[in-house]
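Once you have looked at the hints, place chain B on chain A.
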Amino acid sequence: MAHTRPHYGGTLHVETQADPWQAADSIGRRLVFDSLTRVDEPGGVQPALAVRWKEQNGDHRWQFWLRPGVHFHDGSPLTADSVQQSLERSCKQCPWTSVRALGDSVVITTAAPDPVLPQELARSDYAIAAQDATGDAVGTGPFRFVSNANYMLTLAAVDDTWQGRPFVDTIEITGRRVVRTQWLDLAAGHADLVDVPVEGVRLAQQEHLNILQSGNCDLLALTVARSGVLAEDAQREAIALAVDRAALYNAIFQKQGEMTASLLPDALTGYGFLFPVGRDLVRAQGLHEAGGGAPLTLALDDANPTMQLTAERVALNLREAGFRVQVAVRAPNAEASAAAELALRRIHLESADARAALEQMLAAFGQPLTDESGDPATLYRMEASFIETHQVVPLLYLPRSYGVGARVHGLRLSPDGVPLLADVSLEDAK
Amino acid sequence: MNLRQKILLMFSLTVIVAVAAVAWTVSVRVRSLFDSLDRDRTAALVNQFVHEYQRRGDEVAERVDRMTRDERVIRMAYDLGHGGDASMYLTDAGTLAQEYELNYLELVQPDGSIVSSAQWPAHFGYKEQAIGNAGQPFFLKEEILGQDPSETGLFVVRAVPGIESSLYIVAGERLDSAFISNLSTPAGSSLYLYRNSTSGFDASSLTGAGGAIAEAARYAGAINQARASGVQSSARIMAADGESLNLTAIPLKSANGSVIAVLLVANSRKELVEAQQHIRAIAYGVASAGILFAILISLWVAARVSRPVEQLAQAAQDVAAGDWEVQVPVASRDEVGLLAESFNRMTRELVSQRERLVQSERVAAWRELARRLAHELKNPIFPLQLTVENMIRAKQVSPEMFEEVFAEGSAALTEEIANLKAVIGRFSDFSKLPKPQVSDLDLRDVLNRVIRLYQPTLEQREHPIRVVAKLPESPLPVSVDAELMHRAISNLVLNAMDAMPEGGTLSITAARSGGNVRTTVADTGLGMTAEECERLFTPYYTTKQAGTGLGLAIVQSVIADHHGAIVVESHPGSGTAFVIDLPAIGVGSGERT
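Going line by line, the protein sequences match chains A and B. Using numbering that gives the first Met the number 0, you'd call the opening residue of the first sequence number 0 and step up by one each time. Using numbering that gives the first Met the number 0, you'd call the opening residue of the second sequence number 0 and step up by one each time.
Take the hints with a grain of salt, since some may be wrong.
The calculated lysine to aspartate or glutamate pairs, modelled on DMTMM-like cross-linking and capped at a C-alpha distance of 20 Å, are [unchecked claim]:
{"hint": "1", "chain 1": "B", "residue 1": "126", "chain 2": "A", "residue 2": "243"}
{"hint": "2", "chain 1": "B", "residue 1": "469", "chain 2": "B", "residue 2": "458"}
{"hint": "3", "chain 1": "B", "residue 1": "543", "chain 2": "B", "residue 2": "497"}
{"hint": "4", "chain 1": "A", "residue 1": "254", "chain 2": "B", "residue 2": "84"}
Since the hints were made in silico from the structure, they are not lab data.
Just chain B, same shape as in the assembly:
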């Protein structure tokens, strides 16, 4: 990923993170506001319910109190108190309930026997336990109605005054959908009432202002929790139409504290969801615009910032590739401009130092060459000088021996001159190393030729050197100049021979190694230090007493001309191995692999 892409990514991420953070913050805040609104709505509805509950309870109490003053009721209480026939009043509760607009009315004798029941006329003669609540303002009670489902009502119990304990009135008003429908619920809110008629959840027991509730089972969780715990519980559900609802279930308890109904407040989260969707849409829009903006900004920044950096990077790559004279334009005076100036100064300095280094290396090379020439030339010249001085001395001191001395001296002079020619020839050869004339061949042929050439000599020395060749059965096709390669391998063999004056083993192995053909020439000689190994291929460097230091330089030059590589592996006392890698070619195709 380049700098421009990084800048683009950075800007985009910055914008997205910023927009997401803002959207999240706003969303959380909106949710918090809606939750607060939801709580307020629920509290308002509950307060309204409690107010209505109180009002209805007071109304029932007022009606029952009025009934206790009704002449008919007083007469009935008097009659029953004096042993009157209760069956005479079997239908009176129905009449009174209608007149006093009560859903439930039972006339009960002090022993609890029902004289007359408006809501369940057939229940006469049975016991009504609720008269124990006489005197309470009002209370909730579950009313069982024979074969019909039980109902829940607001009840008041009063004894008819004046006639002591002769008649009780147990009256009430139904707590049902009609009760709920009288409450004004704000838009998005609903109020439901669950009658706790069975031990399990009964969907038909849940009613709203409009009667039965569709898919009432969805509310079972919150209702059951309130029924089980006896305290207010909340839940969030998905309604049948996919709308999300916040539910608050409030248990309604009877006089003995048992939960007989549950008030359920359902607040729609539609507005919240819509607001969140709106915020999310805005966030997406802003993020998209931000990313577009980031692209434009990054392009602009790239033009201002990344381009000089890219130029610097390109210049650095050029320097690495060897073009030390490259310069970058300085377009600003900021840090990037200073960096460009520094880079330009650095390349100028590098060029200058390289020229100085070349100069010094050139001088050093000349010095080394002079030293080596002096050394190489000094050795044959000294015998020449002695021979000439012997010949002069013989001419002067014993002319009779001059001829003999002359003959010997001439022969020595000729031999030493030949040595001088040889030295000069070797230097000349290094300077005139020809370009390789490559051809496809089997490297084994080159190696076998070298082995055949040197093996007799090596094994017939005073201290013989055993030659071990490990060549594969299959050809080792390479594209090389056979003569140059023969000369390079021969050089390595001769070096090995010099390294083993006391004899040893010369190993020549070759094999395919990946896409190369690897040839190893190893001896069991004295070995070299790491420093010697490092300088081994430097021209004119030698570790031998008699050597030009050009042999391994020539080998390295030949290998390099064949696009190969040579390394040395050696440690003092453990011999030396030269490893040559040459590019292999496909068998028969002549192509390099």
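The shape of chain A in the complex, shown without the other chains:
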């Protein structure tokens, strides 16, 4: 029994390929900042900083009552005003039109009925943050920010968090770490949690790593600009037909995840199989023959070798269909729309609700969700009509995988594949 009882204390060493603090859904920010709601493993919406909520006026107006007694890491209390300010700061493509503080609650109004607003508010994009005296963002999460230098992020456990004190005292997250080095550190006991890219899962298994894998939560898709040569529907369709998903799935991603031609995973919607994933090169060549031969650029934001290899393979597929395609890695700060006719994107799906997930995906591609009902048939029609424009060619849905050290206990993954480190305890901690 002793070894199963969690111990408090200790430092959890995490290594990752990504920057641990940069993105809103980064592993570090997910530990420091909370959202008003959260999604549990089955996909249901659970209270977080909001303890309850109520829809009014036909899903146009939502009122969220805040959890009392919650403080930010600088000691300031969580108030309706601070939540209103935080949501307003984070609103870029947000689904609401206004946020208003009302006593110990906030009232969020949307232009269209939004029955899944609580699910959407669970996304890390809408995490609640306040600004301390120095202007830095502070959260209400189980860990507080200590330092971040040279991609070494240090977080310390918060004793009086509303969720209860985490087991570990400190988490050190080293970013920009090469996978092979992470694995060596894991084997040597220098790391407790490391990345296992999906393409390396089988190799990691061969090397007997303890692997924890999420469901399919990352969409790999090819975006096709509706301009220039690709303004013609036939040319975009030729691109969609020319892509060989099977080669990507079987070889590059080592049969991990699933091939998809839909925006959402089949497990979430149940209608994913209706979108054909097969390749029709002859038809693609036939469609392309009628089009022009202007050179195309396939851009990718991630210089990750696997993404580059994927882009090269897609380019090779398209060249077989007759397109002249050149692969280019976009500069980190370049505009997403910068000059490339094609782009390979990896989009993280946070929502576990089909409607919310589709809204997130469409928003990621700059499309609004006009459906109010949220029933599967309507969602399918909406998705199909968007997919038929061939502005986005979904390729694969991929899981997230981690290598877990032997002294780590209680580690679970969120539905969107993020490790829930607040629940982790270390075996040798005292």
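Positioned in the frame of chain A, the structure of chain B alone reads:
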């Protein structure tokens, strides 16, 4: 051009030709030597390249052979041979290529499907045809790398032994500027490699030890020729810096014989050009010195050779001008000295012969004069003798008739004595011909005066002579003695009258002819032979029964005293024409033109 100039020119040309011949010979020889050196350099570089090519090929083969014995590769081949999942080895080629230091490595299944590619990872699943070359030592191959330009490499294909036909290794090393940079090239030589990636010439495909080549298009000719012909070709070009280069392009062929690259050897001709410039400079210097030397030599030669010749030439000109007594100094005993002696002897002989000729001509003239005098005097003397004898006979035989005979005889004697005086007077006139007293006048006046004087007489003869005068409207100004000219023209008219005993036409014409005034007196008489014409102006020569032979001599003398000329044109039976040319003077100015 005089002899001295000719000698100078001859010496200069001789020196220039000699120097040019030597310079040309040396230049040709130097060029030949440099060409030979160029060939040697090219051959050495090509040999070095071939050696390096062989060495690298052997190295690649050795590494690939070693790889086929690698446990991982054997395990992979075993796995794939037993239906293993090829995707498991997607990145293995990259790892192995790095480990075995290979630029190209592809793991290929027996059906040609690429399991893993180091140089083009995305190319997995596609076919690789090169496994057909398995077992060859090594070969050249063009490697296509997606969007990047194709590359050329040295390749080796091996099947992993032990597991029959389950895995092939296609590995190679890049043939590029790094390959070239390992070769040591002598100063002035460069080695370039052209990858035959496109149908046309692509400047970016030409690389040297330092990478891309500036102005690579200059080499396009030699490269394209080698690509098209498949055999070694040579060319000469001017490089960007103006340097001349000898190019040798050697085609490099793949296993199937197609040209996939061209090795280009460029040898600088800078040293040759400098040597040729040096030789040319020396040649110019020597030629200049030679010309200076030729001038000095020619001056010296002129002093020794041309001066006696010039003296001889001057003496010859003096002789031609009438100075027959000129002599040249004899300064040597060579051919020029003998020539001078001969010349002096010749002039002495000429003087001697002229004196003898003058003597003989003088005697002949005296004889002719005596003959003519005897003839002229004999005619009147014979009547004188007869008259005197008649008078004597009358005195003796019939005194009664003596008075009558005496009177007749006295009259005859007086007449014949008058004839004698006339004859003597004519001879006296010829000897006393006065110097002309010239004045500017119109020659038409002189001619009209003669015509007016003789025309009635001529036309009233038993056999009349028609006088035709053709004189211009404009004056014919000449500077002559009017009386002498009148006498000369009259002589010609009288001669014409004598030449036409049976009548005829006398034509007198005058006109300007160039700077002269030409007067023609022509008859339609019997004419003369060429011999008669030649002697016509000789004093005392006459074709008439009664004549002193002084008339035309006087005419010629008068014309000559007026700086004119007279010629005769005549043929037997076609009349005779005397043509007189006198210098004309400008109208009103009185100057001769």
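Verification of the supplied hints:
{"no.": "1", "hint": "B:126 x A:243", "result": "holds (16 Å)"}
{"no.": "2", "hint": "B:469 x B:458", "result": "holds (17 Å)"}
{"no.": "3", "hint": "B:543 x B:497", "result": "holds (8 Å)"}
{"no.": "4", "hint": "A:254 x B:84", "result": "holds (11 Å)"}
Going down the numbered hints, you'll see the structure goes against none, and every one checks out.
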